[in-house]
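Novice: In case you want the letters, here they are:
There are 2 protein chains.
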Amino acid sequence: MFSPLIKELIESLRCLPGVGPKSAQKMALYLLERDSQGADRLAASLRSALDKVGRCQQCRTLTEDNLCPICADDQRNQQRLCIVETPADVIAIESTKQFDGLYFVLLGHLSPIDGIGPEELGLDRLEMLCKEQGVEEVIIATNSTVEGEATCHYIAQLLKPNGIDVSRIAQGVPMGGELEYVDGNTLALALEGRKKL
Amino acid sequence: MFSPLIKELIESLRCLPGVGPKSAQKMALYLLERDSQGADRLAASLRSALDKVGRCQQCRTLTEDNLCPICADDQRNQQRLCIVETPADVIAIESTKQFDGLYFVLLGHLSPIDGIGPEELGLDRLEMLCKEQGVEEVIIATNSTVEGEATCHYIAQLLKPNGIDVSRIAQGVPMGGELEYVDGNTLALALEGRKKL
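If you're matching them up, the sequences are chains Z and L in order. Residue 197, in UniProt numbering, is where the first sequence stops; the numbers in between run on with no holes. Residue 197, in UniProt numbering, is where the second sequence stops; the numbers in between run on with no holes.
Chain Z extracted, bound-state conformation (with noise of 0.2 Å):
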């Protein structure tokens, strides 16, 4: 019922997160008829961003410069080092605004089935970086999953020998859990991480 081009924008609306294909008829019919402008706007900051867009120097988040806005900011604790997956763990964090000092993003975890080892996270360039700018202080905030878990204390064994302070986030109940409806393991991990009071 419709025609090639609109059918191939529908189809291809379809590789954003979350849309399955009734939004992206929806998205698809609501550009072409009501915002032709803000359809054109977003063909060519997609393109611009995908032919700019690489990876900071530093800490390989998402970044067209070669330094991120973080990596730049020579206001922040260079001796401090915080290791996440993803660059949407590092606004997660900045969200908090408790952390001032740099950041460094695996882009992912270790994964040996799907061939990312130690290389593929740039951990030979995360042991340089703290050596370079002798960091004092490493905080891993990788996922509290079993492949987040490993990674952690893959990291952490590698770095330690340097004399660095190595530190895992908490994990524990969260803000306004209610025990009841906390799982299982959430809580065994909060009883054997307890602090004293």
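Worth double-checking, as some hints may not be accurate.
One copy or two, it doesn't matter: identical chains are merged, so the pair holds either way.
Here are the simulated BS3-like cross-link-like pairs (lysine-lysine), alpha carbons at most 25 Å apart as the crow flies [claimed, not checked]:
1. K52 with K131
2. K52 with K26
3. K26 with K196
4. K52 with K160
5. K97 with K26
If you are wondering where the hints come from, they were derived from the structure by calculation, not from laboratory data.
Let chain Z serve as the given structure and place chain L on it in line with the hints.
Specialist: The following block gives chain L in isolation, referenced to the frame of chain Z:
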């Protein structure tokens, strides 16, 4: 925290219906991190749809050809016409497989406040089309809203003097609708439009 090009991409993704700041950020990072191929395809298909998609010369729906696939299909009944507000409504009616005629897409409804009158809806062309093609039956399927009803009424007055059989799609209780949960206005319409058994 994001570099300018990424910020711009996030902002421009927000023109999509139903996409807020959080989803836009998720989409942008997903496209750049994990699906640059999909993003490339999206940018290209948006660009070519924007450049080439226009209106069907006969029914005014969206298409890149002179005639949309439905108007170009000579197997369809040329003497029946269904009038709808948007291209998405065409899809909705086609999916019922109950209509074998042609469509006329208003691309809106009468709304004098917004400067949308009979000309903007192409009603002059509709009248001409009915005469040229010898249309015998017109089914008005505008939305069941105040504006849709007003538009329906206007079109009926316009076409009836030409000896065309004009009807309105039925309004009443939807399939599977339990009376208890159907709103009062719909129930009033259902009562008024009762059918003899």
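Novice: So, for every hint listed, does it hold in this structure?
Specialist: Hint by hint, here is what the structure shows:
1. K52 with K131: neither (30 Å within a copy, 56 Å between copies)
2. K52 with K26: So K52 and K26 pass the 25 Å test across copies only (19 Å; inside, 30 Å).
3. K26 with K196: So K26 and K196 fail the 25 Å test inside a copy (55 Å) and across (39 Å) alike.
4. K52 with K160: Neither: 36 Å inside a copy, 60 Å across copies.
5. K97 with K26: So K97 and K26 pass the 25 Å test across copies only (20 Å; inside, 38 Å).
Going down the numbered hints, you'll see the structure goes against 1, 3, 4, while the others check out.
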